[in-house]
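Hey, can you work out the whole structure from these sequences and the hints?
So the protein sequences, as listed, match chains A and B.
For the first sequence, the numbering used here puts the final residue at 982, and the numbers step up evenly by one.
For the second sequence, the numbering used here puts the final residue at 982, and the numbers step up evenly by one.
Honestly, the hints are just simulated from the structure, not real lab data.
Any given hint could be a false lead.
In this list, chains with the same sequence are indistinguishable; a pair is considered to hold if it fits within one copy or across any two.
Unchecked claim - Lysine-lysine pairs mimicking DSBU-like chemistry, simulated, CA-CA at most 35 Å apart:
#1 Lys757 x Lys547
#2 Lys547 x Lys942
#3 Lys931 x Lys905
#4 Lys792 x Lys921
#5 Lys921 x Lys942
#6 Lys547 x Lys591
#7 Lys952 x Lys866
#8 Lys701 x Lys905
#9 Lys547 x Lys952
No experiment lies behind these values; they were computed from the predicted model shown.
There are 2 protein chains.
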Amino acid sequence: MRAVDIIIKKRDGEELTTEEINYFISAYTRDEIPDYQAAAWAMAVLLNGMTAKEITDLTLAMAQSGDILDLTGMADHAVDKHSTGGVGDKTTLVVQPLVVACGAQVGKMSGRGLGFSGGTLDKLESIPGYRVDLSKDEFLKQFREIGNVLTGQTGDLAPADGKLYALRDVTGTVASLPLIASSIMSKKIAAGAHSIVLDVKAGVGAFMQSVEDARQLAKLMVEIARQAGRRATGVISDMNQPLGNAVGNVLEVKEAIQTLHGEGPEDLTEHCLEIASYMLVLTDLARTVIEARQQVEDALNSGKAWEKFRQLVIAQNGDVSYIDHPEKLSQARIIHPVYASRSGYLSQIHAQIVGEMAVVLGAGREKKGQQIDHAVGIEIHHKVGDFLEQGEKLFTIHADSEQKLQEALPALKKAHQWSNEPVDPLPLFYEVVMEGQRLHKTKK
Amino acid sequence: MRAVDIIIKKRDGEELTTEEINYFISAYTRDEIPDYQAAAWAMAVLLNGMTAKEITDLTLAMAQSGDILDLTGMADHAVDKHSTGGVGDKTTLVVQPLVVACGAQVGKMSGRGLGFSGGTLDKLESIPGYRVDLSKDEFLKQFREIGNVLTGQTGDLAPADGKLYALRDVTGTVASLPLIASSIMSKKIAAGAHSIVLDVKAGVGAFMQSVEDARQLAKLMVEIARQAGRRATGVISDMNQPLGNAVGNVLEVKEAIQTLHGEGPEDLTEHCLEIASYMLVLTDLARTVIEARQQVEDALNSGKAWEKFRQLVIAQNGDVSYIDHPEKLSQARIIHPVYASRSGYLSQIHAQIVGEMAVVLGAGREKKGQQIDHAVGIEIHHKVGDFLEQGEKLFTIHADSEQKLQEALPALKKAHQWSNEPVDPLPLFYEVVMEGQRLHKTKK
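Now the structure itself:
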């Protein structure tokens, strides 16, 4: 088999065989196919597409390029979730304790934030002592013992994906649905999940700007899971405005804690209850979403979910006094509230701008490896559709310096747009994509 | 400017600016853009195409990546020709003396054969002593003195093209009309030609298999020439069967000598007279093709063209006694005639197969740098449309060993196909593409 023949076949729009894809990915992982051939191939994939079978083959080839964990054998109800990333998305911090409290096991590997998108690891590191670098053995031990693990990547998972993603980043081949879907799914499959809820964000603060693009990605990932013998549900949720009120690491941890105490923002609470419900159904702990919903609400209201969050923090060496007394968590030097300059209906709180200004304040990073400031960030106090009187508190900036505050302020003001006429609130979810079907569902 | 943005622009089907193309090519030449980015870009160009303006910009950027000769300032009627390559194509050996005898100046750089396509340099090296490695100074001196130079590439011409071509070869991005056209034209423009006849071959023994593809390439190159302030005529000629009768280096030199003595095969003679006529018109030595045709026929019949071939060989250190007495040129050990196994009309003499069998015999090379055997090759004795009686001589193999003879024999027999019904001869030319117009012309 020759790499150039595989490139030409894809260039000419033909379907690659399983053997061709396996050869290409394994030879590329071993550096036997050079980057320039992989780059030409990736561009041909981007422009000519791939069939569902090819995408599944690619996903499995990348998953098999390194270690593969199998959590199913160790637990009856192992379930995972993945979010495609957004602004203010602290869902995992709430959802994982919820489903663990309901009898599921979660051994989850998360990532860091990049650009305007936040990352769960950065949020967890706001909690002094919390370890995100568990070894594979530590990961498996904790999973076996308590079925509740949340850490960074462990072992050599899908190295082909890591290598290909870095190449795509510099060759204009990121924006390919088959490559995005196989990248996400290869890591999820290598991480051992057999049941996965995929939270695909759609909107100005998401990688997929339109619901249609998000739907395509969700359908594709659900189909890959099916073909790979896994179970998946895709949930398309809104990312035009931030999720919840807090953007920034400590601020988001505090909001997650409030939510686990039943005192979180309505949109975040509802979002987490729904995601958790789909996870329970997927791993057969509930027969219907309605039944699941009852279980997760009970777990929230009874305090069981909160206990599972404490269990997680303790297991991973976090200082539990900081979450029991969140006021101990680090605070920004400057806390600057901004008030509505007019009365009216909020018609936009631009998620991408809010995310970018959080990066400006130091809460996120432009490039991998950059240091971040856990305390800084932004609180928004309203949602699209709300009516405000002039002078009401609109948002609050948590900044480390006056200079950064002034840098972020004008864009944050502009991120809020107004209307004289009533504006509909944004939906929380657009659609749910299940194996072999697509349920239409619009919730507000 | 960032390479990745230029790749993304082309990926999205947008037109690149002159500045973007100049940046990309010059940075790639200086190794500041890595191969993997150029490979992704080349695939995007292949799949999304380029406008005529982009292709001209690319051509000029590649031409300007190294030395640029200007022959126009040194001669009133400098003219060049280029063939896209084929089997038995010894046109240059005949055409250059013809047009020089008519008052044109030719300073031509040729290439070597690769795969089933022959190359002029290999043919010239059949003549003992002939130097194909003139330095730039030697090239210019000989051009100034006699206006008659035929050598290998001199100076650092279009290094960007050399680098990009090597990359395209291993990334499945050869078969792109914009990249093929700009590759050919960048070298021609860097080599100083202001008037160029482009002999674009169409058929099973050519890079362009269909007349339509050849027409597209010819039109594109003529348009590039126009936009770059050059003059060009594109001639689309047949390459389904070999041109002339001889395939193999010494055999082709002998056939060129015969042709210059007025005793060459009818198809080759006619082909050369036509190409030479278009060259004279292009460089204003004749007002019409008919007038030019009279001049080149006179040059052939008077022996003046032959004298210009002798002049060329002498100037480049070739031993003229070998062309005055071609029987002195090296001969293959085995000369094996093959006779018609049946009576009938010849319906095919498959040019690619004949070319490939010439490589099997040792006349050509599979890879750059391989040694070749000048003496070996194939003579065909008939053309498509000819009627033969069983037992007439069909073709002759010139081989170095019995083993290679037996290797080539079955395919060469199969390359000849028969019909019981009369078969039309193949046309010599399909079409002529001139600046701003396209003359339809079919000659037999």
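Verification of the supplied hints:
1. In the homo-oligomer, the alpha carbons of lysine 757 and lysine 547 lie at most 35 Å apart both inside one protomer (26 Å) and across protomers (28 Å), since each shortest distance falls under that limit.
2. Taking the shortest alpha-carbon separations for lysine 547 and lysine 942, only the inter-copy value of 33 Å comes in at or below 35 Å, while the best intra-copy value is 52 Å.
3. Only within a single protomer do lysine 931 and lysine 905 lie at most 35 Å apart by alpha-carbon distance; the minimum there is 33 Å, versus 74 Å between protomers.
4. Taking identical chains as interchangeable, the C-alpha atoms of lysine 792 and lysine 921 lie at most 35 Å apart only when both belong to the same chain, with a minimum of 19 Å there against 87 Å between chains.
5. Proximity of lysine 921 to lysine 942 under the C-alpha cut-off of 35 Å is restricted to the intra-copy arrangement: shortest distance 25 Å within a copy versus 82 Å between copies.
6. For a Cα distance limit of 35 Å, the shortest separation of lysine 547 from lysine 591 qualifies both inside one copy, at 16 Å, and across copies, at 29 Å.
7. With identical chains, the CA atoms of lysine 952 and lysine 866 are at most 35 Å apart within one copy only, with a shortest distance of 33 Å there and 88 Å across copies.
8. Taking the shortest Cα distances, lysine 701 and lysine 905 sit within 35 Å of each other both inside one copy (17 Å) and across copies (32 Å).
9. Taking the closest pair of Cα atoms, lysine 547 and lysine 952 come within 35 Å of each other only across two copies (29 Å); inside a single copy the shortest separation is 49 Å, beyond that limit.
Consistency with the previously given hints is maintained throughout, with no hint failing.
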